[in-house]
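Given the structure of chain A, go ahead and fit chain B with the ligands onto it with the hints provided.
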Amino acid sequence: MEPILDVKKLTMDFGGLRAMDHLDLDVMEKEIVALIGPNGAGKTTFFNCITGIYTPTKGDILISPPGKTRERINGLKPNHITEKGMARTFQNIRLFPNMSVLENVMIGRHCRLNSGVIGAVVKGKSTIREEKAVVEDSYKILEKIGLAEYVNETAKNLPYGAQRRLEIARAMATEPFLILLDEPAAGMNPQETRELEELIKKIRDVEGLSVLLIEHDMKIVMSLSDRIFVMDYGKKIAQGTPDEIKNNPVVIKAYLGEEVDA
Amino acid sequence: MIKFSEIKKSFLVSLWFMFLTFPIMVIRVNPIEKTVQWRWRNMMIIGIGSFLLSFVWRFMLERKESGQKKADVFGIHKISFIQRILQEPKIYIPLLIVTGVFAIVFPFIFSAYQTNIMITALMYVMLGLGLNIVVGLAGLLDLGYVAFYAVGAYSYALLNYHFGLGFWTVLPIGAVLGVIFGILLGFPVLRLRGDYLAIVTLGFGEIIRLILENWNEFSFGPSGIANIPRPGFFGIEFSLQSATNYIYYMMIGLTLFTIFVVNRLQNSRIGRAWMALREDEVACQAMGIDKTKTKLTAFALGATWAGMVGVIFAAKTTFINPASFTFLESAMILSIVVIGGMGSIIGVVIGALILILLPEYLRAFSDYRMMLFGAILVIMMVFRPQGIISNVRRTYKFQGKQQ
Ligand SMILES: Nc1ncnc2c1ncn2[C@@H]1O[C@H](COP(=O)(O)OP(=O)(O)OP(=O)(O)O)[C@@H](O)[C@H]1O
Ligand SMILES: [Mg+2]
Chain A
0 MEPILDVKKL
10 TMDFGGLRAM
20 DHLDLDVMEK
30 EIVALIGPNG
40 AGKTTFFNCI
50 TGIYTPTKGD
60 ILISPPGKTR
70 ERINGLKPNH
80 ITEKGMARTF
90 QNIRLFPNMS
100 VLENVMIGRH
110 CRLNSGVIGA
120 VVKGKSTIRE
130 EKAVVEDSYK
140 ILEKIGLAEY
150 VNETAKNLPY
160 GAQRRLEIAR
170 AMATEPFLIL
180 LDEPAAGMNP
190 QETRELEELI
200 KKIRDVEGLS
210 VLLIEHDMKI
220 VMSLSDRIFV
230 MDYGKKIAQG
240 TPDEIKNNPV
250 VIKAYLGEEV
260 DA
Chain B
0 MIKFSEIKKS
10 FLVSLWFMFL
20 TFPIMVIRVN
30 PIEKTVQWRW
40 RNMMIIGIGS
50 FLLSFVWRFM
60 LERKESGQKK
70 ADVFGIHKIS
80 FIQRILQEPK
90 IYIPLLIVTG
100 VFAIVFPFIF
110 SAYQTNIMIT
120 ALMYVMLGLG
130 LNIVVGLAGL
140 LDLGYVAFYA
150 VGAYSYALLN
160 YHFGLGFWTV
170 LPIGAVLGVI
180 FGILLGFPVL
190 RLRGDYLAIV
200 TLGFGEIIRL
210 ILENWNEFSF
220 GPSGIANIPR
230 PGFFGIEFSL
240 QSATNYIYYM
250 MIGLTLFTIF
260 VVNRLQNSRI
270 GRAWMALRED
280 EVACQAMGID
290 KTKTKLTAFA
300 LGATWAGMVG
310 VIFAAKTTFI
320 NPASFTFLES
330 AMILSIVVIG
340 GMGSIIGVVI
350 GALILILLPE
360 YLRAFSDYRM
370 MLFGAILVIM
380 MVFRPQGIIS
390 NVRRTYKFQG
400 KQQ
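Taken in order, these protein sequences are the chains called A and B.
Quick note: the first sequence, position 163, residue 162 per numbering that gives the first Met the number 0, numbers continuous.
Quick note: the second sequence, position 25, residue 24 per numbering that gives the first Met the number 0, numbers continuous.
Check the hints yourself; a few may be wrong.
[Claimed, not checked] Looking from chain B toward chain A, a few residues come up when the C-beta cut is under 7 Å (computed):
| # | residue |
| --- | --- |
| 1 | R263 |
| 2 | L264 |
| 3 | S267 |
| 4 | I269 |
| 5 | A275 |
| 6 | D279 |
| 7 | A282 |
| 8 | Q284 |
| 9 | M286 |
| 10 | I288 |
| 11 | K292 |
[Claimed, not checked] Below 20 Å or equal to it, Euclidean Cα-Cα: the simulated SDA-like pairs (lysine to any residue) are:
| # | chain 1 | residue 1 | chain 2 | residue 2 |
| --- | --- | --- | --- | --- |
| 12 | A | K122 | B | I258 |
| 13 | B | K292 | A | K29 |
| 14 | A | K124 | B | Q385 |
| 15 | A | K143 | B | Y395 |
| 16 | A | K76 | B | R263 |
| 17 | B | K396 | A | E152 |
| 18 | B | K396 | A | V134 |
| 19 | B | K290 | A | L112 |
| 20 | A | K122 | B | Q385 |
| 21 | A | K218 | A | K234 |
| 22 | B | K290 | A | A119 |
| 23 | A | K29 | A | D204 |
| 24 | A | K155 | B | Q385 |
| 25 | B | K290 | A | E152 |
| 26 | A | K122 | B | N266 |
| 27 | B | K396 | A | N151 |
| 28 | A | K218 | A | K76 |
| 29 | B | K290 | A | G115 |
| 30 | B | K396 | A | D204 |
[Claimed, not checked] Among the chain B residues that face chain A by a calculated CB cut under 7 Å, a handful are:
| # | residue |
| --- | --- |
| 31 | P88 |
| 32 | I92 |
| 33 | V260 |
| 34 | R268 |
In case anyone wonders, no lab produced these hints; they're calculated from the structure.
Quick reminder that beta carbons are idealized off the backbone N, C-alpha and C, glycines included.
Same shape as in the complex, but just chain A:
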């Protein structure tokens, strides 16, 4: 089977700094893949490259959405990549703070709707239908993610954990085939972390999506992932199943430093 996301020799330079160096990574359908590495390893940079926020210096990003043909998406704008079916969350939460929770999710639906300026002003049958559908669909997503109690709340007033979940809800609303989560458990308490773990499992098992996950919480990473990629200083230093990674001396060294010889 072909991987739905296939990244080859991806390289990103910031001036003289090589933040990512010939990185290979692939995600299969309905797979949860984790990308881990010490701080500053280049994980977020990797996300920014494959979602079009940065244009990579070298390499290829290929996607084959289920049921569609394989294509190269280097250099596409972020919104086009989202349209093609890759949605993400941000390490430092980037919600639309002054909009309601429901509206945040409705924004996620934007690229799946059609009505334009004239439709908005005339408000014909199709626009009314579309607007009704977007409200209902967004509410359903909130129910799935467990945020229905907050529908009309302003996003910035949400508790921290709920804000992180709302980011996931918003990404889900774009109907992705692959969802990219950048440290979704950061700042969550143990209870919230457990709920998040359930949610990510549900996204794969019930919704049938693939997940690419950056996470520092090793408990989550080890229990959720099918495969793990480890980065350090922009390079891939290891790849394998959780058990292989756990016992890989190179990984232990990267995490614990040179002095402690494992």
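Here is chain B with the ligands on its own, set in the frame of chain A:
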């Protein structure tokens, strides 16, 4: 609540002010009679005045802060008094009816002079609502909005002068030209935001004005264009009085039309995209919104209204020249949006009425107009940065479910 330290601080402020203003306000030298006049009374007034002002200022700041704390602790978001009124049908429906009746009978109970002022106010309502799309909804600080206003005004004046086109023909043309110029401005500033955007749009506004001022063959330069016909009604010529009434009712209609359209836009897919753009540009793109398209539609649809009001302005005053389209005009419209409440339609309407009507009826203070204006802006920014009426998010109800 009133602490001694607060009084002491206010006292120090008043002393400082008395000291600062001493040379100009107290001493008066008469060079002819070679005498010095000591006006201690002025000093007293300044002392007491600055003490009171400083005290009230501190008191209000404290109240605002304690209010915020309370809201944080209880997790309630304050809904202001005005908003509560606006959400209560028993109150707002009669209010709407009264306003409507008042608007209809206005020209009959007030003089043509008053009607003219009202027309101006309504024009600013439209301008404010247009700029509100760009600044309030899409969050793009546009300081050159007056340029589109000028484009509209000159399009009517010139099209009428050269081709004899009538008001109603040019009104849509003005709107279309607004769109075109909006996009023309939009393209070069797509990559800019915040302060940089503000500076470039400011420059754009000035460029248009300078072109109009200096390109004599095209725009007749600073002397402007006179004898622009008032709007007609199927070829009927009006007396001055009935022309004024006619423009007034037309403005009421156009204002309602503007409110209708802007409201629809605000609650649509496009409107949500504008707000997302305002809230977070990166997240907005990552959610699949085309930033370029969204920005350009905001500029274009904002400029439409300025183009239309420009045409009306030319028709109403029958004379235009570049002096009517200075930066001060942009600043005025922007203040309407900011003071009224960014993103709030009712806020902008009220803001425009207050900012245009108050100075007209407070002629006595006309010398201090700009000062008052500045003071109001500063006070608003400190105590009520969200404007008179803040933009309330729409709530949705779901049957059979909680909330
Ligand atoms: N826009 C940028 N310009 C210059 N350097 C950058 C930029 N973005 C990231 N970097 C650099 O690239 C390197 C990798 O950063 P990145 O944010 O990808 O790390 P990370 O693995 O996500 O770390 P963390 O776990 O702390 O989130 C860092 O050295 C960072 O300073
Ligand atoms: Mg990171």
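Hint check results:
The beta carbon of R263/B comes within 5 Å of a beta carbon in chain A, closer than 7 Å, and the hint placing it at the interface holds. Below 7 Å, beta-carbon pairs count as interface contacts, and L264/B has one with chain A at about 5 Å; its hint therefore holds. Restraint check, S267/B versus chain A: the minimum CB separation of about 3 Å is within 7 Å; hint holds. Nearest Cβ of chain A to the Cβ of I269/B: about 5 Å, under the 7 Å cut. The hint holds.
Interface hint status for A275/B: upheld, as the beta-carbon distance to the closest one in chain A is roughly 5 Å, under 7 Å. Taking 7 Å as the C-beta cut-off, the interface hint given for D279/B holds, the closest approach to chain A being about 5 Å. Checking A282/B against chain A by beta carbon gives a least distance of about 4 Å; that is within 7 Å, so the hint holds. About 4 Å separates the beta-carbon of Q284/B from the nearest beta-carbon of chain A, less than 7 Å, and the hint is met.
Against a cut-off of 7 Å between C-beta atoms, the interface hint on M286/B holds, since the closest Cβ of chain A lies about 5 Å away. Contact between I288/B and chain A, as hinted, is supported at the beta carbon level, the nearest pair being about 5 Å apart and thus within 7 Å. Look at K292/B: its Cβ only gets to about 9 Å from chain A, farther than 7 Å, so that hint breaks. Straight-line distance between C-alpha atoms of K122/A and I258/B comes to about 15 Å, which keeps the hinted pair within the 20 Å bound.
Distance hint between K292/B and K29/A is unfulfilled; the C-alpha atoms sit about 34 Å from each other, more than 20 Å. At roughly 35 Å between alpha-carbon atoms, K124/A and Q385/B are farther apart than 20 Å, so this suggested pair is violated. Between K143/A and Y395/B, the direct Cα distance comes to roughly 18 Å. Compliance with the 20 Å bound is thereby established for this hinted pair. With a CA separation close to 29 Å, the supplied pair K76/A and R263/B exceeds the 20 Å bound.
Note on K396/B and E152/A: the hinted pairing holds, with a Cα-Cα distance of about 12 Å set against a maximum of 20 Å. At most 20 Å may separate the alpha-carbon atoms for a hinted pair to count; K396/B and V134/A meet this at roughly 10 Å. Of the supplied pair hints, the one linking K290/B and L112/A holds, its CA atoms being roughly 16 Å apart against a limit of 20 Å. Simply put, K122/A and Q385/B have alpha-carbon atoms about 30 Å apart, too far for the 20 Å limit, and the pair is violated.
In summary, the hint linking K218/A to K234/A is not supported, as the alpha carbons are separated by about 23 Å, beyond the 20 Å threshold. Under the criterion of a C-alpha separation no larger than 20 Å, the hint pairing K290/B with A119/A is consistent with the structure, at around 19 Å. As the CA atoms of K29/A and D204/A are separated by approximately 8 Å, the hinted pair is consistent with the 20 Å bound. Taking the CA atoms of K155/A and Q385/B, the gap is about 16 Å. The hint holds against a cut of 20 Å.
Restraint check for K290/B and E152/A: not satisfied, since their Cα atoms lie roughly 26 Å apart, outside the 20 Å limit. A distance of roughly 11 Å separates the Cα atoms of K122/A and N266/B; the hinted pair therefore holds under the 20 Å criterion. For the proposed pair K396/B and N151/A, the alpha carbon gap of about 9 Å is at most 20 Å, so the pair holds. As the CA atoms of K218/A and K76/A are separated by approximately 35 Å, the hinted pair breaks the 20 Å bound.
A threshold of 20 Å between alpha carbons decides the hint, and for K290/B with G115/A the separation of about 15 Å falls inside it, so the pair holds. Between K396/B and D204/A the alpha-carbon distance is near 30 Å, which puts this suggested pair outside the 20 Å criterion. Taken as an interface hint, P88/B does not check out: its beta carbon lies about 19 Å from the nearest beta carbon of chain A, beyond 7 Å. Interface hint status for I92/B: violated, as the beta-carbon distance to the closest one in chain A is roughly 23 Å, over 7 Å.
Given hint, V260/B at the interface with chain A, holds; its Cβ is 5 Å from that chain's nearest Cβ, closer than 7 Å. Because the beta carbon of R268/B sits about 5 Å from the nearest beta carbon in chain A, less than 7 Å, this interface hint is met.
This entry does not satisfy hints 11, 13, 14, 16, 20, 21, 25, 28, 30, 31, 32, going by the numbered hints stated previously.
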